[in-house]
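Novice: Starting from the known structure of chain A, arrange chain B on it as the hints suggest.
Heads up: the sequence lines are chains A and B, in that order.
Sequential numbering of the first sequence, starting at 1, is according to the numbering used here.
Sequential numbering of the second sequence, starting at 1, is according to the numbering used here.
If you're looking for bench data, these hints aren't it; they were derived computationally from the structure.
Fair warning: there could be bad hints in the mix.
To be verified - Listed below are several chain B residues computed to face chain A (Cβ distance under 7 Å; list not exhaustive):
#1 A40
#2 M83
#3 G167
#4 H177
#5 N180
#6 K184
Note that CB positions come from ideal geometry on N, CA and C, so glycine has one too.
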Amino acid sequence: MPFKVEGDAIQRSLTGQPGDPTEGRRIVISRQTGLCLLCHSGPFPDERFQGTLAPSLAGAGTRWTLGQLRLRLVDGRRLNPDTIMPSYYVLDGVVRVAPSFAAKTILNAAQIEDVVAFLSTLRD
Amino acid sequence: MKIGAALCVLLLSVIAVHAAEIATADRKSGFEFMGRDTQAMQTDDTSNPGMLNVLDGGALWERPEGADKKACASCHGDASQRMKGVAARYPAFDATAGQVVDLGQRINLCRRDHQKAPELAYESRDLLALSAFVARQSRGQPIAIADDARSANALMQGRKLFNERMGQLNLSCAICHDDNWGQKLGGTSIPQGHPNGYPLYRLEWQAMGSLQRRLRNCMIGMRAEPFSYGSSEFIALELFLMQRAQGMAMESPAVRP
Numbered sequence: 001m002p003f004k005v006e007g008d009a010i011q012r013s014l015t016g017q018p019g020d021p022t023e024g025r026r027i028v029i030s031r032q033t034g035l036c037l038l039c040h041s042g043p044f045p046d047e048r049f050q051g052t053l054a055p056s057l058a059g060a061g062t063r064w065t066l067g068q069l070r071l072r073l074v075d076g077r078r079l080n081p082d083t084i085m086p087s088y089y090v091l092d093g094v095v096r097v098a099p100s101f102a103a104k105t106i107l108n109a110a111q112i113e114d115v116v117a118f119l120s121t122l123r124d
Numbered sequence: 001m002k003i004g005a006a007l008c009v010l011l012l013s014v015i016a017v018h019a020a021e022i023a024t025a026d027r028k029s030g031f032e033f034m035g036r037d038t039q040a041m042q043t044d045d046t047s048n049p050g051m052l053n054v055l056d057g058g059a060l061w062e063r064p065e066g067a068d069k070k071a072c073a074s075c076h077g078d079a080s081q082r083m084k085g086v087a088a089r090y091p092a093f094d095a096t097a098g099q100v101v102d103l104g105q106r107i108n109l110c111r112r113d114h115q116k117a118p119e120l121a122y123e124s125r126d127l128l129a130l131s132a133f134v135a136r137q138s139r140g141q142p143i144a145i146a147d148d149a150r151s152a153n154a155l156m157q158g159r160k161l162f163n164e165r166m167g168q169l170n171l172s173c174a175i176c177h178d179d180n181w182g183q184k185l186g187g188t189s190i191p192q193g194h195p196n197g198y199p200l201y202r203l204e205w206q207a208m209g210s211l212q213r214r215l216r217n218c219m220i221g222m223r224a225e226p227f228s229y230g231s232s233e234f235i236a237l238e239l240f241l242m243q244r245a246q247g248m249a250m251e252s253p254a255v256r257p
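With the rest of the complex left out, here is chain B:
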């Protein structure tokens, strides 16, 4: 009885703290906030500009690289089989690296350790192409971040960063993406901020870009100093965003305004 009451109070206080988190049934991909034309551009592979990048990635997948002249395909074979669902599991704890890595970093670990080739820079054409090619194999697959004690700290840090105010405007990610999604910021609809389409083609960039590039855009809007590419903060935020979107369908390469 007493324990029941205490538990009740505890639950209530937990709910109060996270009252603004989006209920699973209410989650919507950024896709649903776009106009019809942009949606059509994404769903039709012949008009989706991101597919060019995926094709480039397919060629890189087959191309021998580095000292050992090995291609990704030499070890991994048919990507449509072997990479299916993989992007939907990243970021993930990586035993070789001894830390949580995102998909781009995992690919670079293969470049370094398995191909003996130089790592590819963040936002470089080739890394985006390989990431988009690998992520394309997960299209329609549900996001499936593993429940892994080794990534618990990163997940906690990501949640904290998402809810923390920063920058000259003193806003948090949660203020826009949990509390005010669906509202208009200036003329723009605020989406829920899900990571399920990346890497994607953004019309404003007229280019492919990573999730971290998108997060930098939001931080610049907040007049905050963006975290640097590959920083533990960004990996933690990416992990939290993926966990927050657990079960949602992957869309890469998506198109966004």
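Bound conformation, chain A alone:
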């Protein structure tokens, strides 16, 4: 799905639809799909294992617009070239990818939209 970066954001939904925040929450806490809690913590009292490599996701929806959250997920390198956060929706610049993940983005367009929708509900 093509997308257009304007400044620090991608304004248009990758699917043309708003995402589903319930599904987005499931992706964020999942160790197989989102992997977010490997690095981040957040307002997830039931999740015992959370990371300390990155800022808490609490309040992300207050700090950032939908468009900013979308670019952060799609390709955080545009915001910080040295970021350790994976680019969830671009393929370029990665090497030696395991065959089972080759030529696949970490999340698909619908999943990105679900996560964006969920993050925007995280208000302090």
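Specialist: Showing chain B alone in chain A's frame:
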């Protein structure tokens, strides 16, 4: 004066590139990141599951093998004397092989050339047992990788691989083990990634395993295609990790979660 200033700039730029490398005084074995129970399991030989493997290795050390019916002991004698400190020097350049080899490969060279016996497969019970037995003789000894021009290329390659991003998640070993050790990845403490305990018993595996098996686990976590056992990439990474841990005490057979 001018030369001094130029040198200063040069040094600064070198420091900038490797700013994240762990200072010698800050290095900590994986042992220090474990819970008390796991530590106790390692230090008490009667509860350390790796010691069974060491005992197996001791029996293999004495057992005549191959066409010439020679045992390791026939040539090397008392391992506690003759193998002391040896594992702490590997990987090392080997004149017979004409390349850098790790301890397992060195043992296999003896199998092939000196015992006329078939080589043992990577991660096979017997190779792990012999490696653990030999490495046990270095317990407490400081890692002592030789400063050898013949291994300089491998060392350079290992350092490069350690710092290079790879896999779908686009992470490098250094991001976790140099820049974020002590942090929590999910619920797990990130250790500094030192090789001083191998082969070791990992509770998650419920088995002994080599350093290369551990590295494969990390690469799978990065969603990278792991290097194959015995590949020059893995030997280079092992060499770099040992050099990075130079002077740290050997612990094999260690226990890790």
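Novice: Would you pick out the hints that fail for this structure and give their numbers low to high?
Specialist: 1, 2 and 4
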